[in-house]
Structure formats: C-alpha cells, structure tokens
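**Q** Sequential numbering from 234 applies to the sequence shown in the working numbering.
Keep in mind the hints are simulated off the structure, nothing from the lab.
Since no wrong hints were added, every one of them can be taken at face value.
Taking lysine-lysine pairs in the DSS-like style, the calculated list, with each CA pair at most 27 Å apart, reads: (1) K387 x K419; (2) K338 x K368; (3) K286 x K387; (4) K364 x K419; (5) K370 x K352; (6) K327 x K338.
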Amino acid sequence: MALSQNPMTGKMSGTVGNFVTSSLGSQNIVRAKAFMTRDAKTEAQLKQRDGFKMIADLYTTLGGFPAEGFTQRSENTSAYAAFMAKNLSEAIDKSGATAVLDYTKVQVSDGSLQLPTVKEATLTVAGIVLKYLPKIKMLNNNADDEIVALALLKSGEVWLERQPRGESPEATLTLEVTDITIADIKAVYVFAKRADGSKTSKSVYVPIV
Numbered sequence: 234m235a236l237s238q239n240p241m242t243g244k245m246s247g248t249v250g251n252f253v254t255s256s257l258g259s260q261n262i263v264r265a266k267a268f269m270t271r272d273a274k275t276e277a278q279l280k281q282r283d284g285f286k287m288i289a290d291l292y293t294t295l296g297g298f299p300a301e302g303f304t305q306r307s308e309n310t311s312a313y314a315a316f317m318a319k320n321l322s323e324a325i326d327k328s329g330a331t332a333v334l335d336y337t338k339v340q341v342s343d344g345s346l347q348l349p350t351v352k353e354a355t356l357t358v359a360g361i362v363l364k365y366l367p368k369i370k371m372l373n374n375n376a377d378d379e380i381v382a383l384a385l386l387k388s389g390e391v392w393l394e395r396q397p398r399g400e401s402p403e404a405t406l407t408l409e410v411t412d413i414t415i416a417d418i419k420a421v422y423v424f425a426k427r428a429d430g431s432k433t434s435k436s437v438y439v440p441i442v
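All chains, please: the whole structure from these sequences, using the hints.
**A** Here is the structure:
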C-alpha cells in the first residue's frame, strides 16, 4: 500500500490496471491487487506430463527402431518428434484418475504403404507365430517389401523379425522368442516397409490368442 498527499492529484478513487485507489481524509491510498497464481499441477497437466514420460520411455525402450518406422516424416522432423507426436495424441488414455499408456493404440511406424492383414497370432514352442495376408495384388505393394514384426516383452526386451512380402496369398512369420508365456508379452506390432526403407505403413497391434 502507498500513501499520496500530492495536491495535484486530488482525491483518487477506483481501479486502474492492477491498482486500487481510494481516499482517506487528505491522503490518497494506492493498493496493488494480488495476482491470481495458476496451479502448475492441475490434473490435466499432470496427466499430460505423465503421458509424455510414458511415450518417451517407450521410445528409449525401442532403441533406434522408430527411425525405421517413421521414415516418411518431414525433413525437419526427427524420428523422436514424429514418434512422440503420433503417440501422445493417440495412445495416452486420460479418461481415468491417472494417465495410462494404451499399447493397443501405440504406433511404432507411420506411413502410406498398405498394411498386411494379420489373421492369427499364437504363442508356440517355436515362438510367436503370425499368419497374415501379404496383399501382394494391392496397388503399390511390391513382392520385395518387408513385413516387419516387433514384440515388446514386460521384461523390457524387444524382439524383431522381418521377411519379404512375397507373392503367395498367405504367409507366416515367426518371432523366435522362447521360454515365455502370453502374460510375459506386453505388445506385438506388425507393419510393412519398402525394401529401400523409403516408405512404411502404419503399424497394427496384434493380440496373441
């Protein structure tokens, strides 16, 4: 609070900007308003921060793999930025009390190629066996395109396998991870990519049955 006895100002009363003025006898009183402070830890902000950390941790777990899966990003966008932007907007569930990473919505690749259709994924003594339709007759699909499968285990291990799309109407790909149960598997994803790495498809989450 400040007191003013300046005869030039006369009596003062009212609000100007962040100040409130009033008069007491011959004195003018100037008070500053208290600023309203915003809570930097609102529920929405906490969920956003938690979601960001989850996606960043997943990026680290995947090693350099997102650089392969996001080859169609713009020239001035890093693989990290493309991966984070895609999954922050689609894979974080904020409907509950805390943010949750929804692995069924995670994208480990993004692009314009045609996805293979995975008909079945099973866990056998040989590993995770994927039966899929290569869709070789679809426009812009090439026999030498790669079909890539990635398995993320709860232990933090990442298993990767790839093979040419081929020309047969149906195909099988096996991720040779053994001595595990279905409960040990966090997520399995499949996508397609050009042999030269120039293009990819979006990835698809594959449930194990």
